[in-house]
Amino acid sequence: MLLGLASITVCLTAALPASAGVPECGNIRFEGLSNCEVRVTGECSAGCSELGIYKTACATRLVPVCKTECTLSAEATCTDSCTEQCSGECDRGVAITCSHNCFTECTTTRDVECSGAVDAAQCAATWDANCDSECDAQCVTVDGDCYQHCIECCGGSCTADANMDCQTTCQNEEFEDCEHEFRANCDASCSGDGALFCGGKYIISGSQIPACVNALLAQGISVEAEVEGEVTIGPDGIDGDLSAGMCAYRPASKTSLVAPFAALAAAAGWAARRRKRSSHTSG
Numbered sequence: 005m006l007l008g009l010a011s012i013t014v015c016l017t018a019a020l021p022a023s024a025g026v027p028e029c030g031n032i033r034f035e036g037l038s039n040c041e042v043r044v045t046g047e048c049s050a051g052c053s054e055l056g057i058y059k060t061a062c063a064t065r066l067v068p069v070c071k072t073e074c075t076l077s078a079e080a081t082c083t084d085s086c087t088e089q090c091s092g093e094c095d096r097g098v099a100i101t102c103s104h105n106c107f108t109e110c111t112t113t114r115d116v117e118c119s120g121a122v123d124a125a126q127c128a129a130t131w132d133a134n135c136d137s138e139c140d141a142q143c144v145t146v147d148g149d150c151y152q153h154c155i156e157c158c159g160g161s162c163t164a165d166a167n168m169d170c171q172t173t174c175q176n177e178e179f180e181d182c183e184h185e186f187r188a189n190c191d192a193s194c195s196g197d198g199a200l201f202c203g204g205k206y207i208i209s210g211s212q213i214p215a216c217v218n219a220l221l222a223q224g225i226s227v228e229a230e231v232e233g234e235v236t237i238g239p240d241g242i243d244g245d246l247s248a249g250m251c252a253y254r255p256a257s258k259t260s261l262v263a264p265f266a267a268l269a270a271a272a273g274w275a276a277r278r279r280k281r282s283s284h285t286s287g
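Using my numbering, read the sequence shown as starting at 5 and increasing by one per residue.
Keep in mind that the hints were calculated from the coordinates and are not lab data.
Ideal Cβ placement from N, Cα and C applies to all residues, glycine included.
Watch out, some of these pointers could steer you wrong.
[Unchecked claim] Ranges between beta-carbon positions, derived for each pair: (1) Glu79 x Ala124: 23 to 31 Å; (2) Glu177 x Val98: 35 to 43 Å; (3) Ala222 x Tyr151: 30 to 38 Å; (4) Thr173 x Gly224: 36 to 44 Å; (5) Ala50 x Asp149: 26 to 34 Å; (6) Asp147 x Glu88: 19 to 27 Å; (7) Gly36 x Ala222: 14 to 22 Å; (8) Asn176 x Gly148: 33 to 41 Å; (9) Asp191 x Val98: 17 to 25 Å; (10) Asp147 x Cys170: 24 to 32 Å; (11) Ala222 x Thr45: 24 to 32 Å; (12) Asp84 x Cys170: 40 to 48 Å.
[What the hints assert, rightly or not] Within a straight-line C-alpha distance of at most 16 Å, the following computed EDC-like cross-link-like pairs (lysine to aspartate or glutamate) qualify: (13) Lys71 x Asp169; (14) Lys71 x Glu185; (15) Lys71 x Asp191; (16) Lys71 x Asp140.
Taking the hints into account, I'd like the entire structure generated from these sequences.
Written out as structure tokens, the structure reads:
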């Protein structure tokens, strides 16, 4: 088993968002990711070229697929030990919140356990996605005090523990096809809609970009674009209708989208960030 019960430890103090991921971005978790940027043409094609950048996206997609066969319940020895230690945190005055702490508890031993895997990055991606799924399901709503949050948090973490081997085996069978599919989608989008990368990881491509970027901006995550020529992001993707679009970029510029969105979103929603003065008008 990748995650042995004896290796379960409690780390229930780091604050994380209530949701496992961003639904508009394929439910991918963005903690630890930075330098989010929309790429088109050459930069996009270079980013799509290597398999391995699709691991987070594939693991997130495959968890619910594999969950149809990975249905083990949390083992009592795991939940009892975890809850006892967590309750001790409550007694010391630590504010435990299930939705904030479950993922951290679930991934405490991930790096150690995955260090010996054939593909450590894939192992870590599968681990994170499985923890996200179980913690998100367990921590939707928790009515109660700190101890009740401990019970729910440990239930999610230990359910992920119980199914980690199954998820790993199941995903291993599908991962290669998934990576090739994402690469094909990424390649196909480079000459048109482009693709979104964060921290060098592929996130999403094509006409799904605007909704994803919109959701990231709403969370205060800055997104940039480095392009040649004037490119717009509209509801149908890059090169969409600017009148209904969210952003426009100056030629060869690298522009942050978060500040102007905050100022315009409340009034206009999908409002234009910047409009390039037409080169066809007399100056």
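A quick look at each hint next to the structure:
no., hint, result
1, Glu79 x Ala124: 23 to 31 Å, "holds, 26 Å"
2, Glu177 x Val98: 35 to 43 Å, "holds, 40 Å"
3, Ala222 x Tyr151: 30 to 38 Å, "holds, 33 Å"
4, Thr173 x Gly224: 36 to 44 Å, "holds, 38 Å"
5, Ala50 x Asp149: 26 to 34 Å, "violated, 52 Å"
6, Asp147 x Glu88: 19 to 27 Å, "holds, 22 Å"
7, Gly36 x Ala222: 14 to 22 Å, "holds, 19 Å"
8, Asn176 x Gly148: 33 to 41 Å, "holds, 38 Å"
9, Asp191 x Val98: 17 to 25 Å, "violated, 48 Å"
10, Asp147 x Cys170: 24 to 32 Å, "holds, 31 Å"
11, Ala222 x Thr45: 24 to 32 Å, "holds, 28 Å"
12, Asp84 x Cys170: 40 to 48 Å, "violated, 22 Å"
13, Lys71 x Asp169, "holds, 12 Å"
14, Lys71 x Glu185, "violated, 21 Å"
15, Lys71 x Asp191, "violated, 29 Å"
16, Lys71 x Asp140, "holds, 14 Å"
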